[in-house]
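> If you're matching them up, the sequences are chains A and B in order.
Heads up, the first sequence is in the working numbering, so the first residue is 1 and it goes up one at a time.
Heads up, the second sequence is in the working numbering, so the first residue is 1 and it goes up one at a time.
Misleading hints may appear alongside valid ones.
As the list claims (entries may be wrong) - Listed below are several chain A residues computed to face chain B (Cβ distance under 10 Å; list not exhaustive): (1) Gly-40; (2) Ile-63; (3) Ala-96; (4) Ala-102.
As the list claims (entries may be wrong) - Have a look at the derived ranges for each label pair, beta carbon to beta carbon: (5) Val-13(B) / Ala-64(A): 33 to 39 Å; (6) Arg-392(A) / Leu-2(B): 50 to 56 Å; (7) Phe-20(B) / Thr-288(A): 46 to 52 Å; (8) Gln-367(A) / Phe-20(B): 18 to 24 Å; (9) Leu-14(B) / Ser-146(A): 39 to 45 Å.
If you're looking for bench data, these hints aren't it; they were derived computationally from the structure.
In this text, a Cβ means the ideal position worked out from N, Cα and C, and glycines have one as well.
So you can see what is in the structure, the chains are spelled out below.
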Amino acid sequence: MSVDVRALLYLVAAAAFIVGLKRLSSPRTARSGNLIGAAGMLLAVVVTLIDNDVSWAVIAGGIAVGAVLGAVLAIRVKMTEMPQLVAAFNGFGGAASALVAAAVFVTTGGDMAGDTILTVILSVLIGALTFTGSFVAFAKLQGIMSGAPITYPGQQIVNGLIGAAAVALAVWVQIAQADLGFWLVAAIALVLGVLLVIPIGGADMPVVIALLNSFSGLAAASTGFVINNSALIISGALVGASGLILTSLMCEAMNRSIWNVLFSAFGSADSSGGAGAAAGDKTARSTTPDDVAIALAYAQQVVVVPGYGLAVAQAQHALRELTKDLERRGVKVAFGIHPVAGRMPGHMNVLLAEADVPYDQLLDLDQANPLLSRTDVVLVVGANDVVNPSARDDASSPIYGMPILDVDLARTVVVIKRSLSPGFAGIDNPLFYRDGTVMLFADAKKAITDLVKAIETV
Amino acid sequence: MLDPVVIGVIVFVLASFVGFEVITKVPPTLHTPLMSGSNAISGITIVGALLATGAGSGTLASVLAFAAVVTATINVVGGFMVTDRMLGMFRRPKPAEEDRA
Numbered sequence: 001m002s003v004d005v006r007a008l009l010y011l012v013a014a015a016a017f018i019v020g021l022k023r024l025s026s027p028r029t030a031r032s033g034n035l036i037g038a039a040g041m042l043l044a045v046v047v048t049l050i051d052n053d054v055s056w057a058v059i060a061g062g063i064a065v066g067a068v069l070g071a072v073l074a075i076r077v078k079m080t081e082m083p084q085l086v087a088a089f090n091g092f093g094g095a096a097s098a099l100v101a102a103a104v105f106v107t108t109g110g111d112m113a114g115d116t117i118l119t120v121i122l123s124v125l126i127g128a129l130t131f132t133g134s135f136v137a138f139a140k141l142q143g144i145m146s147g148a149p150i151t152y153p154g155q156q157i158v159n160g161l162i163g164a165a166a167v168a169l170a171v172w173v174q175i176a177q178a179d180l181g182f183w184l185v186a187a188i189a190l191v192l193g194v195l196l197v198i199p200i201g202g203a204d205m206p207v208v209i210a211l212l213n214s215f216s217g218l219a220a221a222s223t224g225f226v227i228n229n230s231a232l233i234i235s236g237a238l239v240g241a242s243g244l245i246l247t248s249l250m251c252e253a254m255n256r257s258i259w260n261v262l263f264s265a266f267g268s269a270d271s272s273g274g275a276g277a278a279a280g281d282k283t284a285r286s287t288t289p290d291d292v293a294i295a296l297a298y299a300q301q302v303v304v305v306p307g308y309g310l311a312v313a314q315a316q317h318a319l320r321e322l323t324k325d326l327e328r329r330g331v332k333v334a335f336g337i338h339p340v341a342g343r344m345p346g347h348m349n350v351l352l353a354e355a356d357v358p359y360d361q362l363l364d365l366d367q368a369n370p371l372l373s374r375t376d377v378v379l380v381v382g383a384n385d386v387v388n389p390s391a392r393d394d395a396s397s398p399i400y401g402m403p404i405l406d407v408d409l410a411r412t413v414v415v416i417k418r419s420l421s422p423g424f425a426g427i428d429n430p431l432f433y434r435d436g437t438v439m440l441f442a443d444a445k446k447a448i449t450d451l452v453k454a455i456e457t458v
Numbered sequence: 001m002l003d004p005v006v007i008g009v010i011v012f013v014l015a016s017f018v019g020f021e022v023i024t025k026v027p028p029t030l031h032t033p034l035m036s037g038s039n040a041i042s043g044i045t046i047v048g049a050l051l052a053t054g055a056g057s058g059t060l061a062s063v064l065a066f067a068a069v070v071t072a073t074i075n076v077v078g079g080f081m082v083t084d085r086m087l088g089m090f091r092r093p094k095p096a097e098e099d100r101a
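Excised from the complex, chain A in its bound form (with noise of 0.2 Å):
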């Protein structure tokens, strides 16, 4: 095969991977998008094995090993479980990245053009540190190790000489060609990758697996400039651009810049202000399953606030089987979902539609809002600081600023609780004590059973 039409199959590669993406703008055709991608990959492959000089033994165990552990996870993955999914595929990805810039080092000895070692080094660098990081989010969110922000004093002051050093050997190894130099490189970008996602809480996850995702593409890029191949270089600014993306968004929807999530250990000790002081004169009203039944069935419109309390209670399926129930009865059921409401961007829609509730019923922020002043009960459920309205009202408050759900607009809400605690920000929730406003205390699930079976008896 000639260079010229190796170089062409790698851009008709590349360009499914956009048709692919591009496709994602609509459930309706996001399936078939996500098939075209991978076909994308499959010639990308093949073309890369047709007369080239490659040990067919080293591919075909290598592909054999990946194929059957990327399936299992893949197969076996509860959803509630994709985020650290996502973050260990991140962390694969930077492997990749670091190791192939590795072979070729070792291959050529550091002997090459002067471009191509930087490109080397890059790549390296990227790849591990996104190796490291993703892996440390990974213990995070599966619980392996605790999700408190890991902190020291002077921790930005090292990170920034560790980092510095690093410059430095890649200038060494640049100029002198170094094969220690190389090593020492790619051992910082380790252990920085470890000491940047450290001091992150566990609450900051989803941002940090947004900017792992675009690190991975960043690094499969530069895999691309040491291999000198176009399909890497545009696949891997694809999904750079992607993460970067939500990376913006997430940070967006929490009211706080990027540099504030990684370098603040938001969630540590400090969190103070306003806490249990405002409770004391205002009473919450309870009320019961029976006369929640009762306002459900008779409304025109119900509006869902689903949490990631929802979730850890496992009560999706029961909940699909309220608003079904409610739907048949010809009430309008409509779920409003905010951003970080899950653990990753896009995490509840994901439940949610593993429940099976259909995706024209999920609404997003600039959706759900305009609704809820003409819904008639709106249903909280494990959701606490994104129906806050102190983050619309009261300069004062911690999280003033961040966007939400305009739930006090509607005419009645039902907040299902365990209790009046406030959430991991430690921030009162003045729509508790709001006239209009009850609370059902219990766990989410049996809730939301007994409002089931309440509802039968309307």
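Given the structure of chain A, go ahead and fit chain B onto it with the hints provided.
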């Protein structure tokens, strides 16, 4: 002839713009499949891994290449499969049946 690295930079910048255009049109509902799917695409590194197995390299290079093929394949196979599994769950709304069910 331009330096290949310069050509690479041109391709990278233009592809980034395409990426921003395409990805901003993905609705929040599909952001999780977008992440796993784009992850699978970043598994394109497999091309580099396959090439690294050749060139009559020594044992160390072969070991590194083998590990690269394994990790990249996990990324590709796992990524596309889990994305397909998730997207299969997004059920098309069927209003008529909903009412009768």
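> Take the hints in turn and mark each one as holding or not.
Structure-based check of all given hints:
{"no.": "1", "hint": "Gly-40", "verdict": "8 Å, holds"}
{"no.": "2", "hint": "Ile-63", "verdict": "5 Å, holds"}
{"no.": "3", "hint": "Ala-96", "verdict": "4 Å, holds"}
{"no.": "4", "hint": "Ala-102", "verdict": "5 Å, holds"}
{"no.": "5", "hint": "Val-13(B) / Ala-64(A): 33 to 39 Å", "verdict": "38 Å, holds"}
{"no.": "6", "hint": "Arg-392(A) / Leu-2(B): 50 to 56 Å", "verdict": "53 Å, holds"}
{"no.": "7", "hint": "Phe-20(B) / Thr-288(A): 46 to 52 Å", "verdict": "51 Å, holds"}
{"no.": "8", "hint": "Gln-367(A) / Phe-20(B): 18 to 24 Å", "verdict": "23 Å, holds"}
{"no.": "9", "hint": "Leu-14(B) / Ser-146(A): 39 to 45 Å", "verdict": "43 Å, holds"}
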